[in-house]
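Q: Whenever a hint applies, use it, and build me the whole structure from the sequences.
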Amino acid sequence: MSLVFVRGWGAVSPAGWGAASLVQALEAGVGLATNELVRPGWQKTMRVRSVPKPQARPAFLAHPRLRRSSPVAHYTLAASIEAIGDDASRVADGSVRLGVVFCVMSGCVQYSRRFFDEVLRDPSTASPLVFPETVFNAPASHLSAFLGSSSENYTVVGDSTAFVHGLEIAAHWLGEGRVDGCLVVAAEELDWLTADAFRHFSRSVTCAEGAGAVYLAAAPANSTTVELDAVTDGIPFTDRVSVGDAIRLSAAGLPAAKANELLVDGLRGAARLDRAEVVAWRDWQGPRVSPKSILGEALTASAAWQCVAACESVSSGKHPAARVSVVGPNAQAIAARFKSSRTSS
Amino acid sequence: MERGSKLLQLAAHEAWHQSGWKRHGRIPIVLGTTSAGMGLGEAYFRHAITRPGSQCRQPTRVTYYQPQQHAIDLADAFEFSGPTTIIANACASGANAVGHGWELVRNGRADRVLVGGYDGLSQLVFAGFDSLQALSGTTCRPFDATRNGLALGEGSAVLCLESRDEAIARGALVLGEIIGYGAATDCHHLTQPHPEGNAAIMSMDRACAVARVRPDQIDYVNAHGTGTPLNDSAEASAINRWAGDSVSRCRVSSTKASIGHLLGAAGAVETVICLMTLQEQWLPPETGVEQVDPLCRFDLVRIPQDARVETVLTNSFGFGGANASLVLRRHG
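In the order they appear, the protein sequences are chains A and B. Per our numbering: the first sequence = residues 636 to 980. Per our numbering: the second sequence = residues 27 to 358.
Simulated from the structure, these hints should not be mistaken for lab results. None of the values given here were measured: they were computed from a predicted structure. Treat the hints with caution; some may be incorrect.
Stated by the list, open to error - Chain A side only, calculated, beta carbon under 10 angstroms to chain B, not exhaustive: (1) L696; (2) G742; (3) S759; (4) T760; (5) P763; (6) N788.
Claimed, not checked - Pair ranges (Cβ atoms, derived): (7) A:D918 / B:D99: 30 to 36 angstroms; (8) A:R917 / B:G51: 24 to 30 angstroms; (9) B:R52 / A:L755: 39 to 45 angstroms; (10) B:C82 / A:V673: 21 to 27 angstroms.
Said to hold, decoys possible - Covered stretches of chain A, as calculated for chain B (at least 3 residues, CB under 8 angstroms): (11) 675-683; (12) 799-813.
In this text, a Cβ means the ideal position worked out from N, Cα and C, and glycines have one as well.
A: What follows is the structure in structure tokens.
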């Protein structure tokens, strides 16, 4: 992989709008409070961790494209705008060719459910305003439109590992000189339908929502920065490769760890689901943090939060490097490493 | 198995056996789709609201709704393993998947890549396009002056990509060569293209730049050509400007008039149609056109015809401003 620098990051999570609130929650180390989600047909509610309302209406909602957009698009925009920072104006004036890799697992589920519900009631009155927002790449499209970028824009669908895979796609676009910067963003929104679906596989996982974004570029912004050091192949779970083997194989693809290197793992605090990852990393002697156990399970967005936490820890100087282990709920395992990079510029 | 996934498996079976590939350690999979296993998603929702206390078959529906599971099923069926990329760029997904997979081979990141696109028809998607009044009430006739909409279809195409040298070394039947891929984003509107097709021009220009060919060297363009008034006028404008002085010699057709709009599968299926034109040296016609839109300054192919075809370009555009173009060349 050619040199790829992390120029910024952003997050929207149950801890609040902004990476700072996410970091604060991780440092506190206590699982965030849950709220109740009503599931039609049930008297009992489902416990989830929702994103709190923003303190002020986000300015980007004034853009015509965002007027009817879904929460997943709002989270995407907020995390991305935080990540790209001042470079947003350079995209708009054409001096930065910006790629977008948007990663998602369940997508615009609120609008999809709403639209299909309308279809079942009476297809002739189903809303043409809602349908376009159900398409997987609607948030990515809004993001490029908001920033004024006509460069490459991929929406990558997959399990939680899609975000880390998205980093690899961005790194190659940068390496080939096709873009000057690339936003890799993952977002998910809560709905009773997804919480209900997750419940079939585990009742001890708390579903969450939000977004995380990392802004990558081939050049560093300042003398001390964070470098994307490595991304492994996604190792699929198959009849021949167990989940544990996939985690071990992906971890083995990373460079050797330094002293005081941080492990940002994907443990959720659910013993049965976590077992393979616990076993795979049992020999890890260094510090570790488990964002999902504090913030909840938000699929691709959780993986993005893991990477944001890794970047924060390296940037702050607390750790010289951080490795991220992402284990998807059903498809594959993948890993990435971020390290401190001191340059002469 | 979900309908779209079945179509994918059938296409992959044909491609795998045609390629002569055997078991192989690492083969990345790159697939394009717009709605994956939507039929199962619909069934899940219906069950969840009508029988909220029942879990019967719901976990299976969740699992097989997801496109990553469809990719895993492919790998299991043909006994290989590799990283999976699912691109969901609306109706450009299939072309993006072919292009992305081609780049993996071209850049030496994989020896072989299995690429393709797939989508099965579903109630939600049909009702969605109907709600937008995008469906033709008569017949789909792209680039016709009186066109009034598209015809939805379903399907899948899968291609086995490998480097030219490796294919020749193992004596494989090479069906054609991908030599260029370009993508661009149209920021104009979520569902409507820029009236002059600015991003379409960018994606065609980028694909031709990578392929190192000029527009006048393209023997045939398989247009996105959905049959909707806005898409076709934007694409016609784009082709006119892109081809420049050679536009009158530029032969174009949209095969969606015959097979419908296959959404996430369209780009991959139309890549296969381009390979057929290169192999068999003919041009696929566009059926149903009665009165060519005067905006079309290019040669709209309306009857099947033999032709010398060395280099072709295929366009795929989608909601969200996803634009992708591929350039293919005859092998040999």
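Q: It remains to establish, for every hint, whether it holds in the given structure.
A: Structure-based check of each hint:
1. For L696 of chain A, the suggested interface contact is broken, since its CB lies about 15 angstroms from the closest CB of chain B, more than 10 angstroms.
2. Here the hint on G742 of chain A is kept, as its CB sits about 8 angstroms from the closest CB of chain B, short of 10 angstroms.
3. At its closest, the beta carbon of S759 of chain A sits 8 angstroms from a beta carbon of chain B; the interface hint therefore holds under the 10 angstroms criterion.
4. Restraint check, T760 of chain A versus chain B: the minimum CB separation of about 9 angstroms is within 10 angstroms; hint holds.
5. Look at P763 of chain A: its Cβ gets to within about 4 angstroms of chain B, closer than 10 angstroms, so that hint holds up.
6. Taken as an interface hint, N788 of chain A checks out: its beta carbon lies about 4 angstroms from the nearest beta carbon of chain B, inside 10 angstroms.
7. For D918 of chain A paired with D99 of chain B, a C-beta distance near 34 angstroms keeps the hint of 30 to 36 angstroms intact.
8. Restraint check, R917 of chain A to G51 of chain B: a C-beta distance of roughly 28 angstroms satisfies the suggested window 24 to 30 angstroms.
9. Look at R52 of chain B against L755 of chain A: about 44 angstroms separates their beta carbons, and that is inside 39 to 45 angstroms.
10. The hinted range of 21 to 27 angstroms is satisfied by C82 of chain B and V673 of chain A, whose Cβ atoms lie roughly 23 angstroms apart.
11. With 3 residues carrying a beta carbon less than 8 angstroms from a beta carbon of chain B, the stretch 675-683 of chain A meets the three-residue requirement, and the given coverage holds.
12. Beta-carbon proximity to chain B at under 8 angstroms applies to 4 residues in the stretch 799-813 of chain A; the threshold of 3 is reached and the given coverage holds.
Consistency note: the structure conflicts with earlier hint 1 alone.
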